[in-house]
Amino acid sequence: MSVASVYKGPRQANPLWAFAVSSIGRKWIVGISGGLLILFVLAHLAGNLTIYVGPFGEGINVYAQALHANPVLLWLARAGLLAVFLVHIGTTMSLIIANRRARPQRYAVKARLQSTIYVRTMALSGLVVLSFLIFHVLQFAGGLSPYSHLYDLEGRHDVAAMIILSFHNPLVSGFYLLSLVLLGMHLSHGISSVFQTFGLNGRKSSGLIKHGGLLVAWALMIGFASIPVASVTGFLKVLPDERRPDRKLTASSNS
Amino acid sequence: MNFHLKIWRQAEGKGRGGFQDVDARDIPSEASFLEMLDIVNDRLSEGGDEPVAFDHDCREGICGSCSLTINGVPQGPGRGTACQLYMRKFSDGDTIYIEPFRVGAFPVIKDLVINRSAFDRVIAAGGYISERCGNAQDANDTPIPKTVADYAMDAAACIGCGACAAACPNGSAMLFVSAKIGHLGLLPQGKPEANRRVRRMVAKMDAEGFGNCSNYYECEAVCPAGVPAAFIAKMNRDYALASVRNAVEATA
Chain X
0 MSVASVYKGP RQANPLWAFA VSSIGRKWIV GISGGLLILF VLAHLAGNLT IYVGPFGEGI
60 NVYAQALHAN PVLLWLARAG LLAVFLVHIG TTMSLIIANR RARPQRYAVK ARLQSTIYVR
120 TMALSGLVVL SFLIFHVLQF AGGLSPYSHL YDLEGRHDVA AMIILSFHNP LVSGFYLLSL
180 VLLGMHLSHG ISSVFQTFGL NGRKSSGLIK HGGLLVAWAL MIGFASIPVA SVTGFLKVLP
240 DERRPDRKLT ASSNS
Chain C
0 MNFHLKIWRQ AEGKGRGGFQ DVDARDIPSE ASFLEMLDIV NDRLSEGGDE PVAFDHDCRE
60 GICGSCSLTI NGVPQGPGRG TACQLYMRKF SDGDTIYIEP FRVGAFPVIK DLVINRSAFD
120 RVIAAGGYIS ERCGNAQDAN DTPIPKTVAD YAMDAAACIG CGACAAACPN GSAMLFVSAK
180 IGHLGLLPQG KPEANRRVRR MVAKMDAEGF GNCSNYYECE AVCPAGVPAA FIAKMNRDYA
240 LASVRNAVEA TA
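Protein chains in written order, with numbering that gives the first Met the number 0: chain X, 0 to 254; chain C, 0 to 251.
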């Protein structure tokens, strides 16, 4: 081979741009955005679990009031979260398109060797979780829930009642549980994959990361699922109507 | 032993291929998979038919020429290459599908023979070390810890057969490329060019049209040399660090 034909490497003007559009660079972008979403899910769960504080779930009303204290910060955080979601989904779609091109012809017979059901269903679980998120945001943050105008004894927005009463509808709690199982599956692959993509997955740590990722994913799923289950079974109780300060805005009149 | 073979036949690269049904009768159980194909080809030739084209060379599992996907598994069931697979692994009367490696960057030349030059071009992009000329260095001049040497050898065991890319649902060559980057980058002789190597080889891998890793780890399961997917993690890290260093140096 003559020296002239030796490949001289990429010639992009900006080395960081070359990284961002490369196969591994886009994996990093999916990993970073996915990692941020995992951190958001952790924080969201920690916030949700405050519903177990107080006889009528007042803990989450206090938490919600604190979240809404600064509307500028809240909307900045929401915009940032939306941007992370769009980056995660958009970059993944660009990778899926590239991967389809790289394998134009399928095998007549395809054996499955050691790939998990989680990795094989990533696109499906991601899409179901996305459709769930649209419903979830409209329902609770968008005020579409019929129980979103209740106030507790302290005059705070009664978020606990909104959540618990919504889950009394078996269709709502059923859709939540199904979506949470799919979120658990998505994270079962996602958490350990973040470590692999960042190169933090070595020979000695790969078993720990694989099993630890599964454990965290399903622990998160169980934590979230506990709230619809506790609502349906009556473990979580709603402030009775006769004790509400504003008698016109009662739970029964809204249902 | 008797087998029902479904063998992929494709006249030329661009043509549409299809499966040919071939009954392989009276095959000795001690025959290797390639020897079974030799017997089948002899019979096809005697009957005036075109023998099946397939790649082979050393037939002892070290050259990486075999490129058969047997019942959906590149290099066939079990660890090792197709040439090291023996017909006693199968049951009498089995139906066996034989396909070429299906990767966009590995076009079919004929039947089961594919063009794996894309791997050579990725190697040419940086999979080497630029050594000085002159006399051979004293053997123990460059001390290398045993653990490092062993780990480098795990990657150097790669025979470049392409089964990793063939097994990958994304047609990704990252196990191969990461094995070459890992094996050279771990050793002192390969370190001076490590940053340039990983950037150039990854860029060439992308340009050849290989897919991306989604962490299916099917590559690791089929690799006849047992290269672990942890090398892909190392490549991901090395590539990011090398890109950052390159960006910083470009501004300096």
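Check before you lean on any hint, since a few could be wrong.
[To be verified] Among the chain C residues that face chain X by a calculated CB cut under 10 Å, a handful are:
{"#": "1", "residue": "Gly210"}
{"#": "2", "residue": "Asn214"}
{"#": "3", "residue": "Gly225"}
{"#": "4", "residue": "Ala229"}
{"#": "5", "residue": "Val247"}
{"#": "6", "residue": "Ala249"}
[Stated by the list, open to error] The calculated PhoX-like cross-link candidates involving lysine-lysine, where the alpha carbons are at most 20 Å apart (straight line), are:
{"#": "7", "chain 1": "C", "residue 1": "Lys5", "chain 2": "X", "residue 2": "Lys109"}
{"#": "8", "chain 1": "C", "residue 1": "Lys145", "chain 2": "C", "residue 2": "Lys88"}
{"#": "9", "chain 1": "C", "residue 1": "Lys13", "chain 2": "C", "residue 2": "Lys109"}
{"#": "10", "chain 1": "X", "residue 1": "Lys109", "chain 2": "C", "residue 2": "Lys145"}
{"#": "11", "chain 1": "C", "residue 1": "Lys145", "chain 2": "X", "residue 2": "Lys203"}
{"#": "12", "chain 1": "C", "residue 1": "Lys145", "chain 2": "C", "residue 2": "Lys190"}
{"#": "13", "chain 1": "C", "residue 1": "Lys5", "chain 2": "C", "residue 2": "Lys109"}
[What the hints assert, rightly or not] Example chain C residues on the side facing chain X (calculated, C-beta under 8 Å, incomplete):
{"#": "14", "residue": "Gln83"}
{"#": "15", "residue": "Arg87"}
{"#": "16", "residue": "Tyr215"}
{"#": "17", "residue": "Pro227"}
{"#": "18", "residue": "Ala246"}
Since the hints were made in silico from the structure, they are not lab data.
All figures in this text were calculated on a predicted structure; none of them were measured in a lab.
Built from N, CA and C at the ideal position, the CB exists for glycine as well.
To see whether the hints hold, each was checked on the structure:
The closest approach between the C-beta of Gly210 of chain C and any C-beta of chain X is roughly 3 Å, which is under the 10 Å cut-off, so the hint is satisfied. Restraint check, Asn214 of chain C versus chain X: the minimum CB separation of about 5 Å is within 10 Å; hint holds. Here the hint on Gly225 of chain C is broken, as its CB sits about 12 Å from the closest CB of chain X, past 10 Å. For Ala229 of chain C, the shortest C-beta to C-beta distance to chain X is roughly 5 Å, which falls under 10 Å, so the interface hint holds.
The beta carbon of Val247 of chain C is positioned within 10 Å of a beta carbon in chain X (closest approach about 9 Å), and the interface hint is therefore held. Annotation: Ala249 of chain C was flagged as interfacial toward chain X, and the flag holds, the nearest CB pair being 5 Å apart, inside 10 Å. Distance check on the hinted pair: Lys5 of chain C and Lys109 of chain X sit about 14 Å apart at the alpha-carbon level, within 20 Å; holds. The straight-line distance between the Cα atoms of Lys145 of chain C and Lys88 of chain C is roughly 37 Å, outside the 20 Å bound, and the hint therefore fails.
Among the hinted pairs, Lys13 of chain C with Lys109 of chain C is consistent with the structure: their alpha-carbon atoms are about 10 Å apart, no more than 20 Å. At roughly 40 Å between alpha-carbon atoms, Lys109 of chain X and Lys145 of chain C are farther apart than 20 Å, so this suggested pair is violated. Between Lys145 of chain C and Lys203 of chain X, the direct Cα distance comes to roughly 17 Å. Compliance with the 20 Å bound is thereby established for this hinted pair. Straight-line distance between C-alpha atoms of Lys145 of chain C and Lys190 of chain C comes to about 17 Å, which keeps the hinted pair within the 20 Å bound.
A distance of roughly 16 Å separates the Cα atoms of Lys5 of chain C and Lys109 of chain C; the hinted pair therefore holds under the 20 Å criterion. For Gln83 of chain C, the interface hint is violated, the least distance from its beta-carbon to any beta-carbon of chain X being 18 Å, above 8 Å. Below 8 Å, beta-carbon pairs count as interface contacts, and Arg87 of chain C has none with chain X, the closest being about 20 Å; its hint is therefore violated. Checking Tyr215 of chain C against chain X: minimum C-beta separation of about 4 Å stays under 8 Å; hint holds.
At about 7 Å, the closest approach between the beta carbon of Pro227 of chain C and any beta carbon in chain X falls short of 8 Å, and the interface hint on this residue holds. Evaluation of the Ala246 of chain C hint against chain X yields a held restraint, the C-beta minimum of about 4 Å falling below 8 Å.
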